[in-house]
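Asks: Letter by letter, the chains look like this.
Protein chains: 2
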Amino acid sequence: MHSDDRARAALRRHIPMLEWARQYSRADLGGDLLAGIITAILLVPQAMAFALLAGLPPQAGLYASILPPVIYAVFGTSRTLAVGPVSIAAIMVAQALAQLPAGVDPLSAALALALLVGAMLIVLGTLRMGLLANFLSHPVLSGFTSAAAVVIIAAQLPSLLGVTMPRAWRPADVPASVTALNPYALALGAAAIALLWFAASPLERTLRRFGVGAKSAVIATKTAPLIVVLASTVAVAALDLDMAHGVAVVGVLPAGLPEFSFPLPGWELLRTLLPAAALIAIVNYVESVSIAKTLANRRRQTIDPNQELLALGAANLSAAISGGMPVAGGFSRTMVNFNAGARTQAAAVITALLVAMVALLFTPLLAHVPKAALAAIIILAVSRLIDLRTALHAWRYDRVDGAVLVTTALGVLLLGIESGLVAGLVLSLLAYVWRASRPHFAVLGRVPGSEHFRNVLRYTNLETWPHILLLRVDEHLSFANTAYLEQVMMQQVAEKGRLKHLVLVCGGINGVDFSALEMLVKLTSSLRDAGITLHLAEVKGPVMDRLRGTALMRMLAPGRVFLSAHEAVEMLA
Amino acid sequence: MHSDDRARAALRRHIPMLEWARQYSRADLGGDLLAGIITAILLVPQAMAFALLAGLPPQAGLYASILPPVIYAVFGTSRTLAVGPVSIAAIMVAQALAQLPAGVDPLSAALALALLVGAMLIVLGTLRMGLLANFLSHPVLSGFTSAAAVVIIAAQLPSLLGVTMPRAWRPADVPASVTALNPYALALGAAAIALLWFAASPLERTLRRFGVGAKSAVIATKTAPLIVVLASTVAVAALDLDMAHGVAVVGVLPAGLPEFSFPLPGWELLRTLLPAAALIAIVNYVESVSIAKTLANRRRQTIDPNQELLALGAANLSAAISGGMPVAGGFSRTMVNFNAGARTQAAAVITALLVAMVALLFTPLLAHVPKAALAAIIILAVSRLIDLRTALHAWRYDRVDGAVLVTTALGVLLLGIESGLVAGLVLSLLAYVWRASRPHFAVLGRVPGSEHFRNVLRYTNLETWPHILLLRVDEHLSFANTAYLEQVMMQQVAEKGRLKHLVLVCGGINGVDFSALEMLVKLTSSLRDAGITLHLAEVKGPVMDRLRGTALMRMLAPGRVFLSAHEAVEMLA
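Heads up: the protein sequence lines correspond to chains A and B, in order.
Quick note: to get our numbering, add 1024 to the position in the first sequence (first position is 1).
Quick note: to get our numbering, add 1024 to the position in the second sequence (first position is 1).
Worth flagging that the hints you see were computed from the coordinates, not collected in a lab.
One thing to keep in mind: the hints can contain errors.
Remember, identical chains collapse to one label, so a pair may be satisfied in a single copy or spanning two.
As the list claims (entries may be wrong) - Cross-link-like lysine to aspartate or glutamate pairs, in silico, DMTMM-like; alpha carbons within 20 Å at most:
| id | residue 1 | residue 2 |
| --- | --- | --- |
| 1 | 1524 | 1283 |
| 2 | 1520 | 1553 |
| 3 | 1520 | 1028 |
| 4 | 1564 | 1475 |
| 5 | 1564 | 1228 |
| 6 | 1564 | 1498 |
| 7 | 1520 | 1283 |
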């Protein structure tokens, strides 16, 4: 019976859909249906645009919007996260593909990337490494996102201006490009940007002022990308802009649903893609979970970080086998889904069905969509990711965090997406260790006539002894601070010529790592050579359990482990 | 007067030689003279051997043993550290030179490396980053050193066997090499190893048993490398082994003292060498300081880590301009110097003068030294660096530290010296953050009838309230633990349906980094959407100073900052 219960609990944990599907109500359906439709309207043009941004054919974006959200709906713990192609992953894919050796098909490499991302996330999920998100600090993530948005906008400018640029363009190419720009494409792009900008905020405000409800206003404004795509496509078709005037269009898409394949890369390609896949996996995961948490918190729901690793991993695997690019939970699309009233992942399933319908029926139409219009949609979407305010706040609040943010952003802009992110990550870890490297310590003296010991710098008239030094440290002892503590202790010893006993008061020490253990062993023997005995006092239970049986305990004698500073003084004074 | 005093103190701090030279006594001279001579006897063959190991002509090692130790004697804070060419730096130089583009002269690249190493150390010293040594944890250093020793021994085997191997040899080449090995070289090498091994420990023990004093025993045993070099050179000359039997010898050395030059690399070379230089700088520094500290502690002397950066930086600069390879304080040579009775850096100056004499007078002789004998000296010297015991101890004491050690060692063996070291460094930083990612927290309840609050899991019969949750966290709030803490808080909130107030009790929080600040801001607004108000209590002074004026304080209202958990309950209950 018990094992049955446990199996059922595991099932519920690993298939959160069972939970919400069981409690599904008519009220949920109303919200989910509307949200599903609105999200689909936003998603179709975005999916194609992000695929182009990644340097892939548009169907790689559409296919990533059909099966992956359905898979996430089954396994994901967020009720409202909208999973599909996202801009940051798209630019990361683009940079990974740019480094491929000649002759490798970009689309199969992208599918292999999705496969690797999915496999890594599932492995991490199986190892229950959901707290992995820790390693990406807020300043690193913020600097990375802002700079990546700038890179994305720069990458879209040629499409917006109707210029075809070589992948590695130089500033020297700019004058030639300017004369080559396509005025029709530019006009389409500029009109698209103007319309999208107007819809993004002034329109919604106006509608609300005229008494239109919040939900209707959202519907009206979020259809703007679709209107841009439709209007610009009609313009292209009516005025023959693609054939007669060279306006770049999306081009022929295969009709119908994706074909399944298992895009296992060869060893050589695997090695090339692995670093990029690892970074895409971590960024996609952190981005998705942070959005999911924000929204779950609002409705008193919770997110299981380990289950999210599994769900996002499965979604990426499903993208890989169904011809889609790597996927994540996108910020803007999830917000639209949430604000349009999505209650459960049924909304995502509805969205996926609508996208599948588009892929089945409307691909001939999509072939005429001008790239300039898609570029406008991307630029408007990612320009909101550029976040100078956070940079300013971080700098004001903490110089180190601010510096980490700026360095990450500069790294992304100057060294590229991957190197910049890695530089930021490593710098934030170094900064963390650096901050922990000078722990608080105090030389103790006894309050006369009592058993209490206090910092000699804070209290006056404390009892001290010329041959005993009591030193209290309030920090885990670890490699981050061994060098400093050793220096502190030896300085104290060098200053006190008559010293015989050094007592390390460990009441504030929650752990001793191997580096610190070795330091203490070395210190014990150095001190003995100098005629000083090291003692410990107030060692916490778990720390003592660890130390028992180590070389330190054998070396310590005749040094002792005292229960308290008081006992140490009573015995040694 | 005051500024005069300060200038004098700065002078004493930056030129420690002033200190020991002023107090120099006749007793010091006796110890220093003997130690200087013994160290020189050990150093001459080692210096040439390490230069060959680095892929450089032998004089690059000799020249690195003349000016750099004198410069260190002036600026270094260790009285007994023996600075010169060392094995680990030599193999790191070898690997850096192997990556050079064709056409670059290895010697000038090595001098440029020494220049960069020196410049970096001086910059770090000026920034007072002496605690940099922190970032290299004990397990990383131990795994790195052991694996580097294995790599060095593997690199010496061809010289010992008299085989010339291509730099990138494959296992398939082995059979051909075996038939090509030179029996004369092998015999010389084997005899050298046998003699060195005998001198290293059985001889010393035997001598002592026969009543020879410790100091004389040290002299007798430490001259073994010189005897090996002399005997094998005589054998080569007498039996014409080099010409008639193809035994590889050191070859012609330029006679006389080094010429001065300033080996500034071009931009392209600088970029190539920079990563290797950074790693050599950090390893050399950490190695030197750790030996220096061990010995200083024994005599109640202290080491100034920042001054050491300057001193080692100056020593490397002086190596670069006087034709020497990068230098550091070597472990075995320093121990010999110390055990032979060195009292001050005067011993190092005497050693340097003797090496200079050798370079002036004996280079024609050195040309006939067989490489097999030098390989034997290196192999014996570095085989002691292979330290399986520490690996075992680390693993037993702490699985994470053990894993870091093993990974670093495997990385060095499989990926190369540099990549392995970087992998170990990054892994140890990740492990550090990982360990900090699940801080201790407690839900508090009130001891009935008192103002005391305790962990509800440890005490029974505590007062709690359905609409108030008191949560105490005992750790800096930082990016390492925000994800976990947010998860903990939201879980608590999700479990308590009637909750209205969440009070974060901050008495154990010594700092809040920007990531944690942002998390708290987001949490405040998420909680508000869920109908819960966040409050703070017992915020420490310095933390409060930081938080004032941030978005958190503006967002918090109607949430408050209470002086104590007691006050919070009084107001909210």
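Asks: For each hint, tell me whether it holds in the structure or not.
Replies: Hints, one by one, checked against the model:
1. Proximity of residue 1524 and residue 1283 under a CA criterion of 20 Å is satisfied in neither setting, with 80 Å inside one chain copy and 52 Å between copies.
2. Taking the closest pair of Cα atoms, residue 1520 and residue 1553 come within 20 Å of each other only inside a single copy of the chain (16 Å); across copies the shortest separation is 60 Å, beyond that limit.
3. When the C-alpha separation of residue 1520 and residue 1028 is checked against a cutoff of 20 Å, the pair qualifies neither within a copy, at 68 Å, nor between copies, at 27 Å.
4. Taking identical chains as interchangeable, the C-alpha atoms of residue 1564 and residue 1475 lie at most 20 Å apart only when both belong to the same chain, with a minimum of 19 Å there against 26 Å between chains.
5. Taking CA atoms no more than 20 Å apart as the test, residue 1564 paired with residue 1228 passes in neither setting, with 61 Å inside one copy and 45 Å between copies.
6. For the identical chains of this complex, residue 1564 and residue 1498 are neighbours both inside a copy (12 Å) and across copies (15 Å), given an alpha-carbon limit of 20 Å.
7. Proximity of residue 1520 to residue 1283 under the C-alpha cut-off of 20 Å is found in neither arrangement, the shortest distances being 79 Å within a copy and 48 Å between copies.
Checked against the numbered hints listed earlier, the structure breaks hints 1, 3, 5, 7; every other hint is satisfied.
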